[in-house]
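Construct all of the structure, not just a fragment, from the sequences and the given hints.
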Amino acid sequence: MYDKEKDLIGAFLRGEVDRRGLLKGLGAAGLTAGTAGTLFNMMSTQALAADFDWKAHSGKSLKLLLNKHPYADAMIANLQAFKDLTGIEVTYDVFPEDVYFDKVTAALSSSSSEYDAFMTGAYMTWTYGPAGWITDLNEWIKDPAKTNPQYGWDDFLPGVKASCAWNGQPGGALGSEDAKQWCIPWGYEQNNLSYNQEMFEKVGASVPKNLDELVATAAKLNKDVGGGVYGIGVRGSRSWATIHPGFLSGYANFGQKDLNVSEDGKLSAAMNTAESKAFHAKWVQMIQESGPKDWSTYTWYQVGTDLGAGASAMIYDADILGYFMNGGDNKMAGKLAYAPFAANPEAKAPTPNIWIWSLAMSNFAKDKDATWYFLQWASGLEHAIFGATKMDFVNPVRASVWKDEIFRERLNKSYPGYVEMHDVSAPGAKIHFTPQPLFFDLTTEWAATLQKMVAKEVPVDEGLDRLVESIDRQLAEAGLG
Amino acid sequence: METTSPVERLLRGVALTLVVVFFMFPIVWIFLMSFQTNETILRIPPSVVFTPTLENYAALITGKLQTASGTLDIAFMRNLGNSVLLSVASVALALVLGVPAAYAFARHKFRGSEDIAFTLLSFRFAPPLLVLLPLTQYFQWLGLSNTYFGLIWIYQLICLPLILWIVRGYFEDISADVEYAYRIAGHSWFSTFRKIALPLAGPGIAAAGLLAFIFAWNNFVFALVLASADKQPVTVGALAFVTASGIQYGQIAAAIVLSITPTLALALYAQRYLVEGLSLGAVKG
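Sequence order for the protein chains is A and B. Sequential numbering of the first sequence, starting at 25, is according to this note's numbering. Sequential numbering of the second sequence, starting at 223, is according to this note's numbering.
It is worth saying that the hints were derived from the structure and are not from the lab. A quick note: this is a predicted structure, and the numbers were derived from the prediction, not measured. Glycine included, C-beta positions come from ideal geometry on N, C-alpha and C. Only true hints are included.
The calculated label-pair distances, taken between Cβ atoms and stated as ranges, are:
1) A:GLU444 with B:VAL241: 53 to 61 Å
2) B:LEU351 with A:GLU370: 47 to 55 Å
3) A:PRO461 with B:VAL271: 47 to 55 Å
Following this line, the structure appears as structure tokens:
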């Protein structure tokens, strides 16, 4: 039964037929979507198992620590496939994002062996790695006996993969030859423009192409849309998270850096160059003229909620935040569009700073080999395709998922400009911060300085000079400067 | 005899109304929000006119939450149950241990009594995170991590000092002569404690128990660090509505209404004890 269909799926899994051909063939054979899905999953599992002993750790059990996030939901929805494939039992704890990293830090700092693997951001591994709380995954990735030959480590987007690897030296380049792979990228966010098409059309605004146009367009929208709608939403709370999205993406596009690294490895602040001061001045002007009234309290949630509710005309923030706001019961669902954004008119392409939800292995894991089986399955192509086409596992970190026609069509249909935005930005997408142990403290101080500038408590030039002075002092005290 | 003019009465009424409206507004607003969808809550400008819906409560009770990224499973009712279990059991244990101890500290002066009492009070001084990380390791070694028993034990850091020190004050305020008279009539020490001291300090014990319950109910960090997701109280569980794909304001409001209901009901029931208990020390000479 279903022999022809199995042959067709087998041909697809061997790369002889594309996904469109597969679906057409299955449709012609009269298979319902449900039956085709079941058959496909069964064949995928068989294909995965073909050249690799997935049952090597059968009977063992793992426990995961997960953040409440669509990526985790997609994994949980597909988890039975991993259990069937490996015979490994998996349990998990899901915690809300507000307390998630407190839970992770508490578990790791107390050397708890309760969790074998967990979700993390790449920035956090700059603390966890040197502290000895997580494992360098190169040991497993590079071992053909422990990694499925079809895993496709080269399929990961290079900037994203490199951003999860650091040699542990303050100021050391991410993804360097001697870097340790502290985590495996799972899903990631670029920072670009998400905007309300209706509002743009209403006032006759076009999508801005550089920072000057962004400032002017935001001001026009602020003035002309009416109904209390403001021009542009960006984050503003006293947190490192205010710096890392749109702000750093635009800043890096002008070739500006957070820190300088000298030849002898010493770090010094780099925010008081003429170009940096000019960028800061325009950014501050944009918020003062066209930002939300209580900008200094704005986090991910407020920026997104305002766009979804029609209180703001556009955001320069995570692309997936705009993606989420275009669905569900948001008032503006279906009215949003997306565009790549290069702040520097002389830049060839955008250089978005990125946030990467990744998977890391606890150094206190009870069975690291079995844990690696889970990590390679969860970051594997099959699960990425499942998540991207059936769940909200966006943005995927594998190049081949971005080539998948069904995935691209799905995005193009409901999220205008999203795919193009990603394709244009992906080559320049990476973490633009300098990895070092004082990352959270120094970046939070940067955000606090930005708040003072917007509140007109300090002029931009003077504020940046003071910030540089303070950061240099802290780096010197920590033996880094 | 003092008389109040109608104007004064009117002004007093207006002032009282303003104060009540000012303090009750957030609670009333949250109550109204709990019957609205996210879309109506986020209307610009906000309005009190809306078509009420029970879908927020339905989502909490059924455990299925509709978001921009699909249906999410939420464990709010389990969180609520955990809060009830942890708070009730912790306060009950603290009363069983703390009330006799408070009586002993109040009535019997023995060597080191003040030091022991102060040591117990000092549990309230230590920042929770300072003790929680080493405790995580001890709990793992003892097999207590991720157990209700372990959590109830740790909750004694909140409840026991509170009950012991408040109830001790009430016992000290009760005249010892009443107890001596009962003892002279041939009754035992335990019988005196049970029949005389406990009933007289009853309002104080109720007040201390209620305060301890509120503190235990509001605790956040102990279960977060020491237990798995299935044993988290409502204070942690309520954060599940703040997701990457948006904030579910309606469900948060409904969750607040449901989570303050047990404490509110208990406070209303115990109100007369609470007032009597809290003012007991103040009126006695």
